[in-house]
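Novice: The task is simple: from the sequences and hints, build the whole structure.
Number of protein chains: 2
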Amino acid sequence: VTGKVYLVGAGPGGIDLLTVKAARLIGQADVLLYDALVTPDIVELAQSARKICVGKRGGRASTDQAFINRLLVASARDGSVVVRLKGGDPMIFGRAQEEIEACRAANIEVEVVAGVTAASAAAAQLGISLTQRGIARSLAFVTPTHGLGTLDDDSWADGLIATQSIAIYMGKGQSTRVRHVLLARGFGDAMPVVLVYDVGRDKAGHIAGTLANLGELVNLPTNGPIMILVGEVFKGIAAADAKTILSRATAAPKRRAL
Amino acid sequence: VTGKVYLVGAGPGGIDLLTVKAARLIGQADVLLYDALVTPDIVELAQSARKICVGKRGGRASTDQAFINRLLVASARDGSVVVRLKGGDPMIFGRAQEEIEACRAANIEVEVVAGVTAASAAAAQLGISLTQRGIARSLAFVTPTHGLGTLDDDSWADGLIATQSIAIYMGKGQSTRVRHVLLARGFGDAMPVVLVYDVGRDKAGHIAGTLANLGELVNLPTNGPIMILVGEVFKGIAAADAKTILSRATAAPKRRAL
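Keeping their order, the protein sequence lines are chains A and B.
Per my numbering, residue 686 is the first one in the first sequence, and the count goes up by one each step.
Per my numbering, residue 686 is the first one in the second sequence, and the count goes up by one each step.
Hints in this document: simulated from the structure, not taken from any laboratory.
Idealized CB from N, CA, C, for every residue including glycine.
Do not rely on the hints blindly, as some may be mistaken.
Stated by the list, open to error - 16 angstroms max Cα-Cα, derived EDC-like pairs, lysine to aspartate or glutamate:
| # | chain 1 | residue 1 | chain 2 | residue 2 |
| --- | --- | --- | --- | --- |
| 1 | B | Lys-920 | A | Glu-786 |
| 2 | B | Lys-888 | B | Asp-726 |
| 3 | A | Lys-736 | A | Asp-715 |
| 4 | A | Lys-689 | A | Asp-838 |
| 5 | A | Lys-920 | B | Asp-763 |
| 6 | B | Lys-689 | B | Asp-749 |
Stated by the list, open to error - Computed footprint of chain B on chain A, listed as stretches where at least three residues anywhere in the stretch have a Cβ under 8 angstroms from a Cβ of chain B:
| # | segment |
| --- | --- |
| 7 | 692-700 |
| 8 | 811-821 |
| 9 | 906-912 |
Specialist: Below you can see the structure in the form of structure tokens.
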């Protein structure tokens, strides 16, 4: 009997934002391969599975993609139900295609289960629609990092000036570059920006400002993933936070504004 | 006791793509307000709720937004747990902001629960990543319809030519216009296009082609929602479908190509 591979979106973090199907499949898995960003409470749902962390984190060494592909195929050939858990949605910056193709090439059945992408959860956390009527009827998801982590071009920002709301994935440690590239593409200093951190997790939070001070917004109380949101829909929250930042800076002038 | 309003994403359809939190909240709801696109199996999860369909469908009369706002506030004031279910994700073309603001203005606690957006589920159905490495590092969600259903400008297409993958929401009945606008913005005739219908539902399917024949792809076997996907990542599926369409057209020349 040949098994099957499920590429499953784990959502941004926490069991609550798993889909019903994802939760069921994780519970049924014989083998669970998961990224480093998948939260431990989700991994623990796989009570009877062999659990293998194949995850990558920005800057750290990651498991070779070819190795992951071989592991998926070999596990399914053994007859196992294989769940490959990816943070967020597999089809949005989830590097799913390589694994889908590897399974298909080996005649292993593969099914993708969509998940909640981080931008949706970040917007929910803020209580701000990404496509607020009268302000935004287009929304772009981009990443300044290539799949291979290189930064050899800034084509991700092409055409963005015409888009009303922008969610920047995998932008951690790249605030200065993002600011530089967006300003060079015609965005104004006053464009509202929000850094949302630990989306869907216990310590979730955000800090808002404008493109002008994006470089100063990066001292976040987290080692987790961040999402950079840009657009006029964030104007209200950016203005509210600017007051908070100003009062903090005044109260404790030696500390850098958070 | 004042109640609380939850704006909850129902995902694209079917209980399986609800989040765990959405399923729980629906089961606990005293009052459930839902859009017409939310599938009946999901509505039935609200066993003890008063259920009110406030939904709109393209072309049909819809419940006035101000009435929905008043109903949300009045129900929560009664002490009820109010679940406002929206198809997909509330923050992506879900008109959430008006309802959030109405609750805040009335001092009613409001929480948004993210859902799986239709583009994610459509990509999962096709088995094609929207951000396939080496082909697409930017993804745009746009709609050719304004919130009010008017078509007074085509600014939704500004800058899109620089975006590698595009998901067009609420494009039903607008294929001809979409084709016209994209061609006018510099897209080529050969750009792959996929119409995905009934995403997340039993009768889900798709038909693929190119921008040149988008106008001929619209005879879909459904009255449900559709998603128009555009981009080079769909090249393989478009080529495969073109052969199928061609052979069908040859076999039954009197019928229009499906």
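Novice: Against each hint, give a clear statement of whether it holds in the structure.
Specialist: For each hint, the structure was consulted:
no.	hint	in the structure
1	B:Lys-920 with A:Glu-786	15 angstroms, holds
2	B:Lys-888 with B:Asp-726	15 angstroms, holds
3	A:Lys-736 with A:Asp-715	9 angstroms, holds
4	A:Lys-689 with A:Asp-838	38 angstroms, violated
5	A:Lys-920 with B:Asp-763	33 angstroms, violated
6	B:Lys-689 with B:Asp-749	21 angstroms, violated
7	692-700	holds (count 4)
8	811-821	holds (count 8)
9	906-912	violated (count 0)
Violation of the numbered hints given earlier is confined to hints 4, 5, 6 and 9; the remaining hints are satisfied by the structure.
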